[in-house]
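Residue numbers (numbering that gives the first Met the number 0), protein chains in the order written: chain A, 0 to 664; chain B, 0 to 226; chain C, 0 to 247.
In case anyone wonders, no lab produced these hints; they're calculated from the structure.
Note that the structure is a prediction, hence the values are computed from the model and not measured.
Note that beta-carbon positions come from the ideal geometry of N, C-alpha and C, so glycine has one too.
Hints should not be assumed to be uniformly reliable.
Unchecked claim - Residues from chain B that face chain C, not an exhaustive set, calculated with beta carbons under 7 Å:
#1 S7
#2 A90
#3 N97
#4 R103
#5 S183
#6 Q186
Claimed, not checked - Below, simulated DSS-like cross-link-like pairs (lysine-lysine); rule was C-alpha separation at most 27 Å, straight line:
#7 K183(A) to K13(C)
#8 K193(B) to K246(C)
#9 K15(C) to K91(B)
#10 K196(B) to K15(C)
#11 K398(A) to K548(A)
#12 K13(C) to K82(B)
Said to hold, decoys possible - Simulated restraints on C-beta separations:
#13 K535(A) to N46(C): 21 to 31 Å
#14 L24(A) to V87(B): 46 to 56 Å
#15 D92(C) to S662(A): 47 to 57 Å
#16 D92(C) to T210(A): 38 to 48 Å
#17 E194(C) to V133(B): 57 to 67 Å
#18 N551(A) to D92(C): 45 to 55 Å
#19 D92(C) to D122(B): 58 to 68 Å
#20 S247(C) to G135(B): 43 to 53 Å
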Amino acid sequence: MALDSKIPEGPLADKWTNHKNTIDLVNPANKRLLDVIVVGTGLAGGSAAATLAELGYNVKAFCFQDSPRRAHSIAAQGGINAAKNYQGDGDSTYRLFYDTVKGGDYRSREANVHRLAEVSTNIIDQCVAQGVPFARDYGGLLDNRSFGGVLVSRTFYAKGQTGQQLLLGAYSAMNRQIGRGKIKMYNRHEMLDVVLVDGKARGIIARNLVTGEIERHSAHAVVLGSGGYGNVFYLSTNAMGSNVTAAWKAHKRGAYFANPCYTQIHPTCIPVSGDHQSKLTLMSESLRNDGRIWVPKNLEDAKAIQNRELKPTDLAEDKRDYFLERRYPAFGNLVPRDVASRAAKERCDAGFGVNKTGEAVFLDFAAAIIRYGKEKAHVKGLNEEDETLIRTLGKEVVKGKYGNLFQMYEKIVDENPYETPMMIYPAVHYTMGGVWVDYNLQTTIPGLYAIGEANFSEHGANRLGASALMQGLADGYFVLPYTIGNYLSKDIRTGPISTESIEFEEAEAKVKSEIDHFINNKGTKPVDYFHKRLGKIMWNKCGMARNEKELNEAIEEISALREEFYKDVRVPGNANEFNEELAKAGRVADFLELGELFAKDALVREESAGGHFREEYQTAEGEAQRRKEFQFVSAWEYKGAPKDAELHKEELVYENIEVKERSYK
Amino acid sequence: MSEVLKSSIGRKIAMALSAFFLMFFILQHFAINILSVLDPDTFNEVSHFMGTNPLVQYVLQPVLIFGVIFHFAMGFVLEFKNKSSRSVSYAKNNANANSTWMSRNMIYSGGFILFFLVIHFIDFWIPELNIKYVIGDSSGLLEDGSGYRYFEELQHKFVPLWRVVLYCGGFVFLALHLLHGFNSAFQSVGANNKYTKSLKGFGKAYAILIPLGFIIIALFHYFNNSH
Amino acid sequence: MNLTLQIWRQENAKAKGKIVEYPIKDISPDMSFLEMLDILNRQLITNGDTPVAFDHDCREGICGSCSLYINGEAHGPDRRVTTCQLHMRKFKDGDTIFIEPFRADAFPVIKDLVVDRSAFDRIQHAGGFISVNTSGNTQDGNSIPISKHDADEAMDAATCIGCGACVASCKNSSAMLFVGAKVSQYALLPQGQIEATDRVQNMVAQMDLEGFGNCTNTGACEVECPKGISLENIARMNRELIKASVKS
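From just these sequences and the hints, can you work out the full model?
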């Protein structure tokens, strides 16, 4: 099947408006006759469910957590971008569009990104109206901060809990509709398959995680807002339950999976402390506004710090290497995430790491504390020479800005970041790849939509900070509710979809047989054992730097591991009860397939772009080397084993932006 | 009214309002009692006024009785309901880590105060009613007519040690009750914000000083008369 | 370090539960509490036993999934943390640790340490929102300035993660800190004024229906709240309810 991205005609800035004006609508009376299933209740799923219900559709929303409010969007810390230009620093829709395309290393669709930039301002207005308590300045107006990879301040925030506040906003909008009966909420339910009737998505099979019951749910369209697949690495900043199952099952039913190898490794995470580690904790990118990243200049000093013989605060300024400021003077510590992560890895690989495993760099606030302290002393008319006073004042300011992050760091690491620099290391954070969608956010299965991190999205090969929240809400509030109407307008005479069809039966039987396999397998190793091993393969061979040899090895190893998993996994208990191990087994089974496709995608993409870095393709200075011939989206069609997937290319055309070398120097 | 009293917060507020009333009553009671230490004649005058003024006797007294009964009855109803909202209790509960003994045991301090009040009623109030309304002597005079009877009766009451001990015990529990209750009542009616910080200190002082004053009065009379 | 765990085991909502003792060895002080339970579960599975069920998801203290009453306190002995952020360095070698579910009749046990907190959701359905449709032409975010103080206070109230520690540590199983926080967030913002009367009345009515106890101002909730939600929020809710009762 040829890929049709269905990008509307016309000049870039008018495409979305024209499209909205010309697509079919469903009249309010008919919307009552149409059912939509939304899987996942994070920013994308939650906002979509609420908006569709407001419009009048009957929505059934599903989440595996015990409440929609717990979806992992809640953990986003730093903020949400919008081209409001409240700061008057030259921001505009075009500039947000430009920054996002460039930040994505010229691997995203122009039209989608421009639409995202256009609706970004609506999101802020909508959220304010919902009662989201964004940070404000003393004049009572909305405050902004800056984020990596851009030269303007366009990030709106609510302390270090922006994701939480936006999600609670979407959740409150959902609550209103649940209260009205327009959304039927299915908590603690996991989607295990999508059901196709006559080639169209017409429902899902879900497991009630409390009773273990397998349920059939039908609808006229299905929307996946099920998030990313970072947990294929086992250790990531994703929640323990975040999984690829919904997206992967859709892929196996015919939805193309795009760019799986584009993974964002976030530079500022708390380093791994030991083998027991179950997940990694992110420290917001906003910390890079004030924190300076460094390692020792000399190897001896690095060794001494690793062995705890030397305190970082005792190392003289001229013996420190502020490597981001050195390599990228224009953006300094605020280079995009992929660049910052790779630079940290490069230093650590060269032996300059600063914790006992040598896999950490410093993020130092000493200079910021002094700077803010002096400023405050000046404002208050106090002695600007008194160092103790300056430090105290400076710490107060830093506490006001990042207090909760500092506290979190201290709880986990047991060190006081006000006194000694933080230690950070890159960790898997976000996946730019996902289910392929056209301009309408529809997958290659008619009636199946994918939104938020679950789709391959507008971020190209690398996502800029504070853009995930923007995209999730843009899709859910402002894009999907329009575009899905165009599809549903053809279904107003269809009537309710029966769950008694052969297709539902077949899908349910398939789901049950997989569950039975796990329960009856009686192997010797718990699910986590396999998940951890998969994670190690992924991190070592498909991580921050990849090469042909190791990717080939990864494909073989993952495929072998999958076989072993099915033979030897042990799932305790039975299928008709609350059984977390059983749920995990299903998720890991899908990760074991996705991981293989991931490696294959990385192998085929013989260039370096954004989150995908191939050692064979780098410039003399070690920067990523993009190649013109890879200016396409890789969309994979399922053909049995993941490594046998068939590649479809969607060429990316840049008419409004000049494809340049992406430089932050 | 009944609608408001059905809601949890409505009941909480009703508890607080009756508490305010009772706290004011205690203050007033204390103000009169301390006169017995400072100036027995004035004490007699005021006692007679309170005991015979129709407004006090027929309006304020029934309100007080209603207030007392309401506060206790509602306290027991809420306690019962609150207890029943957790039918399986914790095997290990370290409540001292997050709350004071006083705040968790209002039902016990209140229960003891109720016990004390019952004794107090039998001891002071029923004889009073008997003299005034059964015997019909509202003169407030001693039997020999040489002056008001109130101060002498008071002194007489504090001769037996058991009563002094019970009296002091009652006020210790009142102090414990007020140490939580005073600020709790303000919190219940919504007075807790940046302007009410000093109220907390005042509440503590009230909770300790007023009961302590009552105890001093009892001890004063005990030591002054029987020895 | 080596520890003795006393864990509440209960097969399902209907079964009768009991405390079961599990010894556990070689726990690193750098582990989080849940990672310690992961190790226990791995051992249980390998030995053919049923692992201990507990709720958890983000493991960074924000989703509000994890619960657990540890040694008599919600989220354990440390302050301002959820169970997933509690580290084993807070315990000593040889300690006995009691692990129980959050207890309240409004939070029935689903299995072992997993409880059903959907009562919180239903309270929010009753009024935890501002009725504004998504249209794309809502007024500009800056059209109503909000004082920084109010915005900050609204934010402090809004940081509630809905974990239920307040209910679990309250001797009355009262949900007022949770409801007070939500009512306060909206009460402090101009956008929340229009529906203020109905909101507080409906949410309080639903809270009462769910079977939570009444607040007696012990303040345990404030101390145990991992996000430090202040009792002032309950006072504000009380004021809002008084205002609403007068108005209607």
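Hint by hint, here is what the structure shows:
1. S7: 5 Å, holds
2. A90: Holds. Min distance 5 Å.
3. N97: Since chain C brings a Cβ to about 4 Å from N97(B), closer than 7 Å, the hint holds.
4. R103: 6 Å, holds
5. S183: At about 4 Å, which falls below the 7 Å cut-off, the nearest Cβ of chain C leaves the hint on S183(B) intact, so it holds.
6. Q186: 5 Å, holds
7. K183(A) to K13(C): 26 Å, holds
8. K193(B) to K246(C): Holds - the C-alpha atoms of K246(C) and K193(B) are around 26 Å apart, at most 27 Å.
9. K15(C) to K91(B): Holds - the C-alpha atoms of K91(B) and K15(C) are around 18 Å apart, at most 27 Å.
10. K196(B) to K15(C): Given pair K196(B), K15(C) is violated - Cα atoms ~47 Å apart, limit 27 Å.
11. K398(A) to K548(A): 47 Å, violated
12. K13(C) to K82(B): Since the Cα atoms of K13(C) and K82(B) sit roughly 21 Å apart, the hinted pair holds (cutoff 27 Å).
13. K535(A) to N46(C): 21 to 31 Å: Holds: the Cβ-Cβ distance is about 25 Å, inside 21 to 31 Å.
14. L24(A) to V87(B): 46 to 56 Å: 54 Å, holds
15. D92(C) to S662(A): 47 to 57 Å: Between D92(C) and S662(A), where Cβ atoms are some 55 Å apart, the hint holds.
16. D92(C) to T210(A): 38 to 48 Å: At 41 Å between Cβs, range holds.
17. E194(C) to V133(B): 57 to 67 Å: Holds: the Cβ-Cβ distance is about 60 Å, inside 57 to 67 Å.
18. N551(A) to D92(C): 45 to 55 Å: At 47 Å between Cβs, range holds.
19. D92(C) to D122(B): 58 to 68 Å: Roughly 59 Å apart at Cβ, these two residues keep to the hinted range, so it holds.
20. S247(C) to G135(B): 43 to 53 Å: 51 Å, holds
In this structure, the hints that do not hold are numbers 10, 11, in rising order.
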